[in-house]
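Note that the protein sequences, when read in sequence, are chains A and B.
Counted from 1, the first sequence has number 474 at position 290 by this note's numbering; the numbering is strictly sequential.
Counted from 1, the second sequence has number 162 at position 167 by this note's numbering; the numbering is strictly sequential.
I should point out that these hints are in silico values taken from the structure, not numbers from a laboratory.
Careful, some of the hints might be misleading.
[As the list claims (entries may be wrong)] Partial selection, computed: residues in chain A whose CB lies under 7 Å from chain B:
#, residue
1, Glu279
2, Glu287
3, Leu296
4, Ala299
5, Arg305
6, Ile308
Predicted model, so just to flag it, every value in this text is computed and none were measured.
Beta carbons are placed, not taken as given, at the ideal position from N, Cα and C, and that holds for glycine.
Now for the letters of each chain:
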Amino acid sequence: MGQPAVVVDDLWKRFRIFHERNAYLKAAVLRGRRARFEEFWALRGVSLEVQHGEVVGIIGENGSGKSTLLKCLSRILRPERGRVEVNGRLSALLELGAGFHPELSGRENVFLNAAILGVPRKEIERRFDEIVAFAGLEQFIDMPVKNYSSGMYVRLGFAVAINVDPEVMIIDEVLAVGDASFQRKCMDKFAQLRESGRTLVIVTHDLGSVRSLCDRAYWLRYGVLEDQGSPDEVSSHYAEQALGSAEAGVNEARWGSGELRISQVELLDGRGQPFSSVRTGDDITVRITYEARVPIETPVFGVTLVHASGVAVASPTTRDVGLVPPLVHGGGALEVTFPAVPLLPGPYELSVAATDFTLHHEYDHRSHVARFDVTPGDAGDERGLITLRPTWKLR
Amino acid sequence: MSLTETLSNRELLWNLTLRELRTRYRRSVLGWAWSMINPLATMVIFTIVFSQVFRAPEPIGEPSGLEAFPLYLLCGLLPWNFFSVSVGASMGAMAANAGLVKKVWFPREVLVVSTTLSLVVSLGIELGVLSVALIIAGNMVIPWLLPLAAVVALLVVFTIGMALIFSALNVFYRDVGYLWTVLAQAWFYLTPIVYPIEIVPEWLRRIVSAQPMGGFVVAFHNILYDLRWPSAGRWVHLVVCAGVALALGQWVFARMSPRFAEEL
């Protein structure tokens, strides 16, 4: 091993925000300096290390400094202070199809793009067919790229970038490109790169890919490293914080016409006790208390279980099972029970809504009204969102 | 040094130059003919204005004896156009490739050098056509192509240096682009392109002949129109101009280019 692949030591990066965004010579001449500006520190003392063969994820909200960090790593930006050291050939995948010229053919652009990414021509000639096949553009490769669809364009860019064959690869949120089948191809390629011992640094919002792909994760917040460690730990801390701000009223939202109002939402465990965390395999009951100020015909109630990453796990309604009272007026309550929840450990939240029978008119919608944690329980598996309670057999 | 880095990126340089060349006249019917039509049109206009309207004396080649205002004009106009278009296009190349500069690292000098090199190709074609015209007019320029190549090489170095300075400054101060338009116009008339240097009053002649582009154009006239070697002093002059411009250009560019991604 010896040297780490990437060393970042006490990195500080400042941006200047100009009040008059005209870097006019006038300012330099008249005031003896350039236009007035405000300083903004995008990175404040970030240090990290990536070993050879490691796959490291960097997560954080928009504006947390992730992209600035990647740009400092790839030499695009020069930090004000601190040191960046990359040992090995680096390829930064910050944009797909960098330098593509619309008037040139796909073939010409492949060579151009590869040259910009620093790949020797011989290598690209050797891999050319592979690249075109990966992008699935065999019939279109001699057509000017201005005639490509945006999907084709991105696919070709990705195919070149991924075939650059670098020792250290930096990827910025470009995981989610193209259609589902191409995405799967990309994920396979990442896994393949990972297996071949390539060093990857990935910046992403997608906690799922951090968990499934990365060996280690860093969480960047307001330009400072907030947390680092195993992808599971870091991504749950991150998700908790995201939910924490929801509790503080950032994410919580309520809307609706108001003839019927959901006055209370309670989370109860198997013994009817309130809880804030359950184990995989426990029962969960949601009790909804409502108040109908006017007579309401055929109201429908629904709950949505949302994983912290934003994925809705389930969204059942009373209409699904035909439990629709002909008329409600005044106060009332109802309960929905999820027996032996197959949810895997992680933070979840709950949205509750009351609508008319068509589901289109909402009386009251309380988004992110409650949250709870799922801790490890009876399931053996731990990756993904839910357990399907697998039974394995050797044959 | 950054120029060595540029040279080590020969493949990128080649690819970007090729991109310029391939796309320059795409979607135009006449294509590369435009490379010649432009200077020819200028030649016709200036010939009418200066030799017919103002009745400027027809310059006489010494010792060639050639007496043809249009050819004299082209001998100076072609290198001048190359120079001024290169500097302008290099400034434009920075803005045009802003997306690239923000997203990919490569030596930024490559953008300037590739733009200039792609224009060298145009200059080569134009000089080729001019040489044929000169031969038809009785100037046997073929033995003079070697010194011509040397002067062109020095001009390219000088141009790259100036283009580096202007394109780097233009990223930070957009006024530089407008300033260049004015400057280029004044510079054009300070260079003996539309008039023979002999008709310039003594005091002004020194300036005209000592400023770099004046020096280059005089050398082009010497070689192509007069068919004689530029003086030894002239060679020294051109080498110094090219060397100083390149060194200064590199220095300015190296100081400013690390912040291009933020400023563009």
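Which hint numbers does the structure go against, in order from smallest to largest? 6
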